Amino acid sequence: MTPSEPAAHLAQLNVATLLHPLDDPRVAPFVEMLDPVNAAADSAPGFVWRLVEDGAADATGLRPAGENVIVNLSVWENQEALWDFAYRSGHLDVMRRRRDWFERHVEAHLVLWWVPAGHLPTVGEALERLADLRTHGPSPRAFTFASSYTAAEAAGHLPA
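Note that numbering that gives the first Met the number 0 has the sequence shown beginning at 0, numbered continuously upward.
Calculated directly from the structure, the hints in this document are not laboratory data.
A quick note: this is a predicted structure, and the numbers were derived from the prediction, not measured.
In this text, a Cβ means the ideal position worked out from N, Cα and C, and glycines have one as well.
Careful: at least some of the hints might be erroneous.
What the hints assert, rightly or not - Computed beta-carbon distance windows for the label pairs: (1) G117 <-> L18: 34 to 40 Å; (2) H19 <-> V122: 21 to 27 Å; (3) T143 <-> R98: 16 to 22 Å; (4) L18 <-> L157: 22 to 28 Å; (5) G155 <-> R95: 18 to 24 Å.
Build the full structure now, drawing on both the sequences and the hints.
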């Protein structure tokens, strides 16, 4: 980062459509992994913030994308930190079993975008970025791991 470039962090949203309600025994293994995986995220290098419901340890009670859709919204210092957590930690065990608990998505279910350091994205902002990715495909405004952009490339698309 050069002195003229603003400091930026990487925001991510992923949505997952439950096959069964969270209190269904078939989803119990996922629910049992929530606390350990969230604790691992909270202490992971490069972790900045994650969405939690008021008075709860996670965001599974929030349903802004539909009654059977859970959301995960977090902010990371950079893409490498998020990648390491997602694919090189206990989180990978959850991802490997996701078909046991969640429907297969036919459209994008994960979106990444850059935010100014210190900015905490709202759920509305995150869902708008996901809609942008679904409608227009990857761009510096909304992208994926497979089609990523740098913070410098996205500088014109940072939220105020």
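Okay, the hints, checked on the actual structure:
{"no.": "1", "hint": "G117 <-> L18: 34 to 40 Å", "verdict": "holds, 37 Å"}
{"no.": "2", "hint": "H19 <-> V122: 21 to 27 Å", "verdict": "holds, 23 Å"}
{"no.": "3", "hint": "T143 <-> R98: 16 to 22 Å", "verdict": "holds, 19 Å"}
{"no.": "4", "hint": "L18 <-> L157: 22 to 28 Å", "verdict": "violated, 36 Å"}
{"no.": "5", "hint": "G155 <-> R95: 18 to 24 Å", "verdict": "violated, 37 Å"}
In summary, the structure is inconsistent with hints 4, 5 from the numbered list given earlier, while agreeing with the others.
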